[in-house]
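Novice: Residues per chain, in single letters:
Protein chains: 2
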Amino acid sequence: MRQKTFLLPTLRDIPSDADVKSHQLMLRAGMMRQNAAGVYTYLPLAKRVISKVEAIVREELEAIDVQELTLPSLHPSELWQETGRWDKMGDELIRLKDRHGRDFALGPTHEEVITSIIRDAIGSYKKLPLNVFQIQTKFRDERRPRFGLLRGREFIMKDAYSFHDTEESLDDTYQAMYRAYERIFTRVGLTFRAVIADSGAMGGKDTFEFMALADVGEDTIAYSDTSNYAANIEMAAVQAGNVENTNPSVQLLPVKADDEIIILLLGAGHELNEVKSLHELQVKSLSTLNDQEVQEAFSTEKGSLSIQTIEGYRLIADQSLQGASSFTIENTGDAVNCTELSIDSYADLRMIQEGDASPDGQGTIQFARGIEIGQVFKLGTFYSESMGASFLDQNGRANPYKMGCYGIGISRTVAAIIEQHNDENGIVWPVAVAPFDLHLLTLNSKNEEQAELSEKLYTTLKQSGWDVLYDDRPERAGVKFKDADLIGLPIRVSVGKRASEGVVEVKVRSTGESEDVHIDNLADMIQTKLQELSNV
Amino acid sequence: MRQKTFLLPTLRDIPSDADVKSHQLMLRAGMMRQNAAGVYTYLPLAKRVISKVEAIVREELEAIDVQELTLPSLHPSELWQETGRWDKMGDELIRLKDRHGRDFALGPTHEEVITSIIRDAIGSYKKLPLNVFQIQTKFRDERRPRFGLLRGREFIMKDAYSFHDTEESLDDTYQAMYRAYERIFTRVGLTFRAVIADSGAMGGKDTFEFMALADVGEDTIAYSDTSNYAANIEMAAVQAGNVENTNPSVQLLPVKADDEIIILLLGAGHELNEVKSLHELQVKSLSTLNDQEVQEAFSTEKGSLSIQTIEGYRLIADQSLQGASSFTIENTGDAVNCTELSIDSYADLRMIQEGDASPDGQGTIQFARGIEIGQVFKLGTFYSESMGASFLDQNGRANPYKMGCYGIGISRTVAAIIEQHNDENGIVWPVAVAPFDLHLLTLNSKNEEQAELSEKLYTTLKQSGWDVLYDDRPERAGVKFKDADLIGLPIRVSVGKRASEGVVEVKVRSTGESEDVHIDNLADMIQTKLQELSNV
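These protein sequence lines map, in sequence, to chains A and B. Under this note's numbering, think of the first position of the first sequence as 1, with each following residue one higher. Under this note's numbering, think of the first position of the second sequence as 1, with each following residue one higher.
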């Protein structure tokens with residue numbers, strides 16, 4: 001592609017409204033422009049990267065026989081009412097009326113639509129398992145769209161849905177998708193972790209989120225420094241039996257669990273993990289009491305809660321306190337013998353901390369921030385049951401499909417790649433997703449020898465099968481170098497003063513190493529270097 | 001792909017709600033399902049065809065350096081207000097409000113969005129010409145969605161937009177796109193005509209519509225039986241000098257042209273062409289008077305209009321009447337000498353008819369029905385002027401961009417291909433867009449020899465690089481043959497009773513010819529036949 005007429009509006013300055021690196025660099029490198037809050041145009045350079053990511057996703061999914069289809073973006077409201085999500089989704093679901101006043105949603109996800117299709121199309125266990133995917137624009141009206149492609153209102157997703165007759169079949173596909181995701185994210189050049197995540201309210205079961213590690217990530221991951229273990233911090237179990245001394249200091253934490261007020265006992269310095277506690281206490285809602293609620297329930301202030309004032313309430317202690325024979329109540333300083341407290345039960349209530357033993361028994365917990373780029377999810381039968389989607393089994397009995405769903409944020413993945421692959425001068429693309437393989441520069445396009453050699457190389461390098469961006473602009477060499485670093489193609493080939501000898505400079509963007517090479521050896525050298533870079 | 005678990009829900013019966021062949025066949029062949037009026041799911045078989053059409057479009061556009069990007073579907077209303085189309089588009093434009101109450105449109109076309117991007121991104125004649133395209137889901141709230149993919153509310157389009165500094169540059173790109181469209185529609189197997197079309201109200205100039213010939217088409221095309229000439233019937237000029245006798249019978253037609261009532265004189269049996277007449281009379285609106293308006297203006301009934309009653313009104317005659325020395329007024333039977341009428345001017349006012357001489361002087365006009373599958377359009381400066389999008393020319397002066405736009409209905413093209421390629425048994429895919437190249441059938445999957453040979457062929461045929469659909473279902477041979485004809489892959493390979501000898505049957509879907517072949521010669525034969533079919 002000739003850069004002279006390539007739509008590549010690079011910017012010198014960092015845009016003031018972009019807070020994170022990927023957003024800044026995509027604007028500066030002429031990859032995208034904003035059309036409205038959280039709504040972007042992907043310019044040709046970005047489109048090329050997106051296409052390469054999509055091709056890798058397609059390749060890995062087709063390799064395990066996932067079938068591509070395209071579901072519509074306009075969803076009749078009736079479908080979402082069948083599962084109750086028309087009301088549950090709130091403002092994030094973009095709604096509209098057609099000319100006849102009928103209600104539609106703009107699809108943020110497609111469980112309802114695919115379930116309605118399969119409900120009518122399959123019918124027999126003989127056609128199972130089925131696994132289908134699509135790559136498509138999705139819509140979600142985020143309250144605060146931000147960070148460029150990391151949290152937009154219109155974005156590109158790969159979503160897949162699988163249908164099964166047995167739990168084993170669902171698990172097979174779930175595992176196969178998990179492994180495909182590992183291959184996909186590895187191939188696009190990401191450092192990531194598959195973390196145990198919250199299956200939420202929709203009756204789902206197992207779920208892993210794939211997180212690209214990055215400081216700007218909105219999620220905190222707890223991971224083992226020696227094993228594969230990783231979990232969303234809210235899902236990380238804490239090993240029992242961590243009492244560090246025989247008389248630990250503890251805090252009394254009054255909470256409302258569904259409609260009952262109970263007292264939680266946590267070690268001093270420990271933080272309540274509400275997500276885990278919901279599961280452990282088997283309740284639907286859990287909230288710590290505010291000052292007024294404490295006053296009403298205990299006729300005293302939070303800071304004055306004591307063994308005496310909480311008498312009569314159910315008392316549940318964090319499991320790390322199990323085995324301690326006495327405690328010091330943190331806010332009152334009272335020493336309490338264990339027998340004075342009637343602890344009803346012990347449970348895993350607290351947030352894991354850095355330095356804790358890993359729950360899998362291997363290594364120590366570290367924290368990292370992550371960007372969610374994918375998720376695999378066993379949905380179970382929530383959608384098939386609420387929508388009446390069933391198949392006939394071998395005995396002719398109707399059963400609801402067991403379902404899985406599997407998402408990858410394509411546009412977000414592109415942003416995550418940039419978050420992980422940049423330096424002070426710009427983007428540093430991994431070869432597999434680079435918009436072009438090579439950046440060919442004429443340093444002085446008025447010099448005939450340079451122009452002529454550049455034209456010749458442009459032709460021959462393309463013929464060798466590489467994608468070449470050819471900077472044929474009548475700009476100064478300094479401008480071209482700066483843009484080349486900003487755009488960050490893996491290999492730069494500069495045609496300069498030694499053109500007359502047939503010598504050009506080859507520079508590797510990621511390492512900064514450069515050397516002069518005769519054009520007779522250029523193709524071999526590029527081949528070798530791209531190979532090396534791909535193997536990193 | 002193994003058909004046993006391929007999502008391919010074929011239907012035996014013709015769905016009652018489908019009126020045209022392509023709609024019926026896409027439902028019956030398990031290619032699509034309706035989600036709402038004019039809103040469809042493309043099942044895997046259709047998705048494969050769409051991908052092949054898209055690949056051909058991409059290839060031909062990239063060959064002439066059109067750059068791919070992706071514009072958003074959510075358009076802030078402000079952009080559409082800049083051109084006045086927010087009001088003009090009426091109910092066809094799907095509108096919605098975001099959570100903050102801001103107005104958005106769902107893009108049916110992207111002139112406003114791309115112009116806003118280029119307005120900020122380019123700025124200099126040095127970066128021109130620019131030509132960008134995208135392939136994307138579009139939305140249009142049709143009053144009467146019908147005929148399946150031929151008139152839907154959510155559909156796939158390729159749209160391209162070009163920007164230029166000179167009329168010559170625009171014309172170069174316009175011609176290049178025209179030729180690319182010819183190649184694209186030829187390659188996907190369509191019989192089509194490029195027809196002269198109406199540039200409408202948006203200040204555009206030249207425009208051609210690409211029409212796939214089909215009886216179900218909503219447009220009538222007038223074309224020459226010997227030359228390339230073709231035009232939308234409303235745009236077809238009529239050759240002057242067609243007076244067939246010296247005393248032709250004529251009709252008096254009172255019309256309101258803008259605010260003036262004038263009398264048009266047309267040959268008997270000729271029909272007024274309002275679109276052409278608007279241009280010829282250089283007015284903005286034109287309508288024939290109704291009975292009441294005639295009564296008010298002429299104090300008589302339509303049938304009683306005579307030379308006397310219309311006295312004083314401007315009289316414009318169809319050019320075919322030029323040269324006649326006398327007329328017979330059709331409704332009164334009065335004979336009128338030409339000198340008695342003060343005809344102000346002659347113009348091309350009437351609809352062309354079958355049998356007329358072609359306007360290009362070559363051959364005779366025939367009519368055909370067509371499906372609009374593409375359009376090339378010189379937009380001129382309507383969008384750039386109304387949105388203030390300008391570049392600096394060589395003298396540093398600001399000029400509005402000259403623009404072109406170029407559309408292809410991708411999903412509609414798929415339907416048009418089926419309209420042209422089917423028989424009483426189902427679809428007959430052209431090789432270039434067939435969802436698979438080969439259909440491999442095991443006629444009796446319980447027979448071990450057949451099953452074994454089929455599995456072996458499935459592997460080797462795929463290794464040869466062909467897309468193979470493998471009917472491994474435990475169905476009767478008759479069911480498999482029926483489905484194979486319905487789905488319509490170019491070549492069917494049936495493994496039946498002669499499996500033990502290593503002999504299979506090869507059948508060509510389009511010609512019906514079949515022959516037995518030994519598996520040692522199978523690949524060569526398939527190669528030859530696909531080659532022959534591709535050259536048709």
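Among these hints, one or two may not hold up.
To be verified - Label pairs and their in silico Cβ distance ranges:
| id | chain 1 | residue 1 | chain 2 | residue 2 | range |
| --- | --- | --- | --- | --- | --- |
| 1 | A | Ser124 | B | Ser534 | 50 to 60 angstroms |
| 2 | B | Thr186 | A | Ala55 | 23 to 33 angstroms |
| 3 | A | Lys482 | B | Ala37 | 50 to 60 angstroms |
| 4 | A | Gly101 | B | Thr332 | 32 to 42 angstroms |
Unchecked claim - No more than 27 angstroms apart at the CA atoms, straight line, and that leaves these computed lysine-lysine pairs for DSSO-like:
| id | chain 1 | residue 1 | chain 2 | residue 2 |
| --- | --- | --- | --- | --- |
| 5 | B | Lys97 | A | Lys88 |
| 6 | A | Lys497 | B | Lys126 |
| 7 | A | Lys126 | B | Lys97 |
| 8 | B | Lys456 | A | Lys47 |
| 9 | A | Lys482 | A | Lys47 |
| 10 | B | Lys126 | A | Lys126 |
| 11 | A | Lys47 | B | Lys126 |
Quick caveat, the hints were computed from the structure, so don't treat them as lab data. Here a beta-carbon is modelled for each residue, glycine too, at the ideal position from N, C-alpha and C.
Novice: Now tell me, hint by hint, if it's right for this structure.
Specialist: Against the structure, the hints:
no.	hint	in the structure
1	Ser124/A <-> Ser534/B: 50 to 60 angstroms	38 angstroms, violated
2	Thr186/B <-> Ala55/A: 23 to 33 angstroms	27 angstroms, holds
3	Lys482/A <-> Ala37/B: 50 to 60 angstroms	54 angstroms, holds
4	Gly101/A <-> Thr332/B: 32 to 42 angstroms	52 angstroms, violated
5	Lys97/B <-> Lys88/A	19 angstroms, holds
6	Lys497/A <-> Lys126/B	26 angstroms, holds
7	Lys126/A <-> Lys97/B	45 angstroms, violated
8	Lys456/B <-> Lys47/A	40 angstroms, violated
9	Lys482/A <-> Lys47/A	22 angstroms, holds
10	Lys126/B <-> Lys126/A	62 angstroms, violated
11	Lys47/A <-> Lys126/B	23 angstroms, holds
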